[in-house]
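Protein chains in written order, with full-length UniProt numbering: chain A, 1 to 205; chain B, 1 to 205.
Pairs count within a copy or across copies, as identical chains cannot be separated in the list.
In silico SDA-like cross-links for lysine to any residue, where the CA-CA straight-line distance does not exceed 20 Å: (1) K29 to A99; (2) K18 to A71; (3) K129 to S41; (4) K129 to V174; (5) K129 to P119; (6) K18 to S30; (7) K18 to S41; (8) K18 to A31; (9) K29 to A103; (10) K165 to D118; (11) K18 to E58; (12) K18 to L60; (13) K18 to T46; (14) K18 to S54; (15) K129 to V154.
It is worth saying that the hints were derived from the structure and are not from the lab. This structure is a prediction, so every number in the text was calculated from the model and none was measured.
2 protein chains.
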Amino acid sequence: MSAVSDPGPGDPLRRLIKLLARLPGIGEKSAMRLALAIVRSNAEYTRALSEAISDVHEHLGLCSVCCDLAAAEVCSICLDARRDPTVICVVAQPQDRMALERAGVFRGRYHVLHGVLDPLAGVGPSELKLSELLARLEGRAGVEEIIVATSPNVEGDATALYVSKLLEPLGIAVTRIASGVAVGGELEYADMTTLHRALEDRRKI
Amino acid sequence: MSAVSDPGPGDPLRRLIKLLARLPGIGEKSAMRLALAIVRSNAEYTRALSEAISDVHEHLGLCSVCCDLAAAEVCSICLDARRDPTVICVVAQPQDRMALERAGVFRGRYHVLHGVLDPLAGVGPSELKLSELLARLEGRAGVEEIIVATSPNVEGDATALYVSKLLEPLGIAVTRIASGVAVGGELEYADMTTLHRALEDRRKI
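For reference, chain A alone in the conformation it holds in the complex (with noise of 0.2 Å):
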């Protein structure tokens, strides 16, 4: 018998507590905990939040320029003039982008692909926004390099292997992150293929 389906407070909470647990990440446990949290906090707060909820779905789009989440047609990264427009750092998803962001070690240009290749996930080439990166490299020169920051596993690989092939006839240099032992990470816990590839990479001192 689950707390959803329990009888007490009433329909209500019970749809909230249903609906919260659909969220990624949040079990019944933690979408009980959400959702009397959200009652017991002021009318203010649940005015702002349930508006916060149906803006973002309607007034966030995708840049038409990077491909990123934007509120406006074109995000304020691909206004920003002050971004170096030779360098296209290509992510997988918004939150690498913001993850980037935070640490401040980029200053060039976005495009997000809202995905990887992952054939087992039926997920294509067409799924990501590759023809849009393709679009935009084939619009206007002055690019000189794609970085492809998608995470070092297998999809993320695959990917940085396909888009260098995409980008091949354009002859723009296709750059991949470096991997290896996480800077602050002991050498001792690190996984095979970690050390495997921190061993590849090696780089003169």
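Fit chain B to the given chain A structure using the hints.
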């Protein structure tokens, strides 16, 4: 630099992330993950979620009898004639009531205190639904036992003691849920206090 203050996806998403991050147990990363999941979900889901959130605040109040969260003036359990009216289980929070219902081990009525005595946190008797409990018991006869099912910790025990003292004049039996080594739990890993309680409350086989 935080994800919330980072540029990019624009205001709607940032605002949603900020609001979600205010929920208990939701850090910035989780808030971002949830917000992006909401963005990706279909319009029907976001509308439902948005409505459910405003609904709970508008339509959810406290049951006039047991003080549990209820969509109506009286909750479904208090209205359920099959529930034993002679036993009332006093719990701290709605989720405790839900947990007992999930277990399906109690067929009596409930009373939700909405907290436990915690002087350090400034929670005194007046902050709890104790007067409501007293009024409920003085109101009508027929209640033979009050089971205090607050958690077996300092605050929970203090609250249980307070309730028993409070109801002494009414001559109603006040009992406390048993506590000890959890069923299925390993004695080896039980903490000192639990073992102490388990020995103290030992019973004849």
